[in-house]
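Student: For chain A, the structure is supplied; the task is to place chain B on it using the hints.
Protein sequence lines correspond, in order, to chains A and B.
Residue numbers 1 to 207, in my numbering, belong to the letters of the first sequence in order.
Residue numbers 1 to 107, in my numbering, belong to the letters of the second sequence in order.
If you're looking for bench data, these hints aren't it; they were derived computationally from the structure.
Any given hint could turn out to be false.
What the hints assert, rightly or not - Here are the computed lysine-lysine pairs in the BS3-like style, where the Cα-Cα straight-line distance is at most 30 Å: (1) K16(A) to K27(B); (2) K66(B) to K60(A); (3) K193(A) to K131(A).
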Amino acid sequence: MSETSKFTEDILAVAKEKAQTIVAEAENETQKALQEAKTRLSREADDVIRNAKAEAEGVKRRHMSEVRHKVKLQEQLEKDRILTDVLQQTKKRIADVASDETRYFPYLASSIANAIRELGFEEVLVHLNAKDLKRIDRTKLEREVGKKLDKRVKVEWSKNPIEALGGAIISNADGKIRIVSTLDQKFEALGSKLLTGAGRTLFGNNA
Amino acid sequence: MSGIETVKIIVEAEKKAAKILNDAQNKAWEIRKRLDSMVETEREGLLRSAKNQASTIVERAESEGKTEAQELEKNSQSAIRQIVTRATAQKGVAVERLVALIMGSEQ
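Just chain A, with the same shape it has in the complex (with noise of 0.2 Å):
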């Protein structure tokens, strides 16, 4: 072989062998590029997974959630609905104690001899509703009244009636100073008590 020869083969080596390293490192950057891409669109493709995750457990969480709240609202809706029947049930019962004098006769004394206790005063003014002024024995009371309080007061009876299921409104003489003591007042005053009492009797733990 001629030196000529020899030395072009050379050359043509020397750019075979270049060539080759230029492919390969090509080759090598596009394998190590498109690998770190694999990785992160694969922390990509996680990502969508666990966002959808974290969806699914909030439309899971909104269906009970919603449920939670529309069961609770009519819980409480007959709930209400029997309290407040269990309510006017009481009123009207009130209503029909205090027809029975036999019942509602002490307890209208006491009722009155507590207001008059509180007032202090010797000398009241009792209103009582129409049927009470009607059907009351009023010395009968005026004396029950008096042993009660254990001292002599005067009672005057109001002419005018009131509207109440039953009890009275006690006053000072001219008016002026008094205590609503009828059975309306004491119904709407135990208000809250009597929708505990009631709950408590009803739905026990549940109230």
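Tutor: Just chain B, lined up with the frame of chain A:
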């Protein structure tokens, strides 16, 4: 072989070598250029699969959530009915207790 012929042969060899290198550069460029489309293909495949999976997860949760909620509602309705039945049976007792509370408030 004359000197000129020798130079000609060498120049020719240099040209061939330059072409080989140029071809290699072009091939390398093609390889690098292919990367973008390979990444895009990979991205489309992975994300499409992930999105399908995500969609299935949410749809299943929607269906399971509805079923579980229906079950909860059924059980709760039954519990409410029991509460109402028990409470209705206790109404009379409650009324008498309230009456006693009001009438007893002056004792």
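Student: Run every hint past the structure and note whether it holds.
Tutor: Here is how each hint holds up against the structure:
| no. | hint | result |
| --- | --- | --- |
| 1 | K16(A) to K27(B) | holds, 13 Å |
| 2 | K66(B) to K60(A) | holds, 8 Å |
| 3 | K193(A) to K131(A) | holds, 28 Å |
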